[in-house]
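Protein chains: 2
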Amino acid sequence: MTSGKQAAGVLEGTPSAILETVVYCEDLAAARQFYEQVVGLQLVSDEPDRHLFFRVGKSMLLVFNPNQTRTATVKVGGQMIPRHGGDGASHFAFQSKREQFEAIGQRLADHAVAIEAQIEWPGGGHSIYCRDPAGNSVEFATRTLWFHEE
Amino acid sequence: MTSGKQAAGVLEGTPSAILETVVYCEDLAAARQFYEQVVGLQLVSDEPDRHLFFRVGKSMLLVFNPNQTRTATVKVGGQMIPRHGGDGASHFAFQSKREQFEAIGQRLADHAVAIEAQIEWPGGGHSIYCRDPAGNSVEFATRTLWFHEE
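First to last, the sequence lines map onto chains A and B.
Every letter in the first sequence is one number past the one before it in our numbering, and letter 81, counting from 1, is 81.
Every letter in the second sequence is one number past the one before it in our numbering, and letter 120, counting from 1, is 1120.
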């Protein structure tokens, strides 16, 4: 290690946040309907059959068709964007405030999206889980699941 | 829709952030070495053969062994935590400041982790890409890739 350390044992260059979270859906039309109309996210980019990019506060949710990103060659400035693409049900969690859960539950019901589980965590925090159209496990959780501050 | 709207066309209950980003690695020892020693993240929970949970600023990176989370029955307060578990190379991006890239590149080199691509995005922003031990595409990117403000 030549790069030294920052205060409090944090390695220099340690990331301060996660900027992009990815989920894979082959049917992007169904994914768009879910993430835009049910979750309420703001679509910022839409490339037919390849991706949908949504803003979520200060970060991004990228929805990719894995059949494209696994195999396609996309170059930017002569560099190939690394290929990726997962199969199967993955998982991520949105951050929601406790007072938002009623509206979220109502919107899931309005769109006939089943709530798969609702959990009160023993250490604090509340989560509700549903599935996106590709079967990914989508959680809405309070910050208190992980952090003391709201 | 019965739940009405907030200002500026945002649906009520729309999540304000992503709280958990997930990546799957069967070899959790190798994943721990990578995310702790190479990326520099703070481990906050470690369940042998099931998961590693890391704090990244105000959110969490959850590393799961998909062979466990696909099949295991885990109940909290009588509710089963929904099963999930992906295969194949997925992708996510850490947020890094431009002045941190030298230290990140040095640490990757110190641990013999290859840089797969470095991209200057035409619209602004800089990214470097490597692979975690499971082959997931890990990106370090500046906020300016997506947002005007730093």
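The hints are simulated quantities; they were obtained by calculation from the structure and are not laboratory data.
No residue lacks a Cβ here, since even glycine has one placed at the ideal position from N, Cα and C.
Don't take every hint at face value.
Distance condition first, Cα-Cα at most 25 Å in a straight line; then the derived BS3-like pairs of lysine-lysine [to be verified]:
{"id": "1", "chain 1": "B", "residue 1": "Lys1075", "chain 2": "A", "residue 2": "Lys58"}
{"id": "2", "chain 1": "A", "residue 1": "Lys97", "chain 2": "B", "residue 2": "Lys1097"}
{"id": "3", "chain 1": "B", "residue 1": "Lys1058", "chain 2": "A", "residue 2": "Lys97"}
Pair by pair, the computed Cβ-Cβ distance ranges are [as the list claims (entries may be wrong)]:
{"id": "4", "chain 1": "B", "residue 1": "Ala1109", "chain 2": "A", "residue 2": "Ala29", "range": "40 to 46 Å"}
{"id": "5", "chain 1": "A", "residue 1": "Ala112", "chain 2": "B", "residue 2": "Arg1098", "range": "44 to 50 Å"}
{"id": "6", "chain 1": "B", "residue 1": "Val1076", "chain 2": "A", "residue 2": "Asp110", "range": "26 to 32 Å"}
{"id": "7", "chain 1": "B", "residue 1": "Gln1079", "chain 2": "A", "residue 2": "Ala72", "range": "16 to 22 Å"}
{"id": "8", "chain 1": "A", "residue 1": "Pro48", "chain 2": "B", "residue 2": "Gly1057", "range": "18 to 24 Å"}
{"id": "9", "chain 1": "A", "residue 1": "Pro48", "chain 2": "B", "residue 2": "Glu1102", "range": "35 to 41 Å"}
{"id": "10", "chain 1": "A", "residue 1": "Lys75", "chain 2": "B", "residue 2": "Pro1048", "range": "40 to 46 Å"}
Covered by chain B, according to a simulated footprint, are these stretches of chain A (three or more residues, beta-carbon under 8 Å) [as the list claims (entries may be wrong)]:
{"id": "11", "segment": "28-34"}
{"id": "12", "segment": "100-110"}
Index of numbered hints that the structure contradicts, given in increasing order | 1, 2, 7, 8 and 11
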